[in-house]
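Undergrad: Model the full structure from these sequences, guided by the hints.
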Amino acid sequence: MSHNMIRTEATDPMCLDADEIRALLTDAPWSRFAVMGDSIAKGIGDPSPGYETATWADRVTTGLRSARPDVSYLNTGRMGATSAQVLDEQLQTVLDFDADLVHITFGGNDLWLPDADLDAMARNLETAFAAIHRSGAQISTLALADVFVDKQLRTMRDRIAHLNDVTRALAARYDAVLIDLWEHPLRLRPDLMSADQIHFTMSGYAVVASEMVRALHDRLARATLSA
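The sequence shown: position 40 = 40 (UniProt numbering), numbered continuously.
FYI, nobody ran anything at the bench for these hints, they're computed from the structure. No false leads were slipped in.
Label-pair restraints from in silico Cβ distances:
(1) Ser31 - Ala10: 27 to 37 angstroms
(2) Ala18 - Asp191: 14 to 24 angstroms
(3) Thr224 - Ala116: 39 to 49 angstroms
(4) Asp119 - Ser66: 38 to 48 angstroms
(5) Thr53 - Ala130: 30 to 40 angstroms
(6) Asp119 - Arg154: 21 to 31 angstroms
Note that the structure is predicted; figures quoted are calculated from it, not measured. Quick reminder that beta carbons are idealized off the backbone N, C-alpha and C, glycines included.
TA: So, in structure tokens, the structure goes:
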């Protein structure tokens with residue numbers, strides 16, 4: 001896109017419009033959508049000119065409701081929540097909600113701790129995946145984008161890559177829908193990151209929501225083919 005053209009949500013080639021989202025989710029069976037985890041699950045981020053101020057999960061919920069108005073939605077995500085805190089404070093709430101689609105995103109906050117225990121983080125993630133899988137819900141998750149341009153964050157890159165490896169392995173083990181952002185072209189956009197250089201802006205979340213919708217549609221299409 002030319003530098004003198006202002007990209008908006010309506011012109012963003014990575015974003016699906018409302019009609020496309022509704023079409024992709026027309027046959028979605030899910031009526032109870034829950035999101036658990038950290039600030040990414042919650043959708044913390046700065047506004048973007050030309051984009052709706054809405055988190056990726058709120059956008060996905062709107063998409064699900066466009067095809068099925070009775071969809072219920074719960075988001076227990078909390079900024080700063082460690083993996084142990086997610087298990088202690090959110091897991092039972094999500095299980096009690098009796099969701100049939102659950103998104104799990106956490107582990108990143110553990111990596112900032114000076115005594116970061118990567119094995120404990122992995123165990124906590126697996127505890128959540130296993131519990132949600134046993135409930136019968138479809139799981140979705142994401143691998144974080146490679147956005148480590150800030151000098152302070154570069155030291156985190158290997159840890160984030162490890163978290164992503166753990167997440168990918170759990171997604172495979174528990175048949176989760178995986179949105180892998182590590183090498184997604186979105187990561188190269190200069191307006192992607194909020195002022196804190198940790199969270200996406202709303203323009204980034206708009207793309208994440210579109211990728212989630214595409215991934216859910218692909219899962220439904222594969223299930224139809226194998227039926």
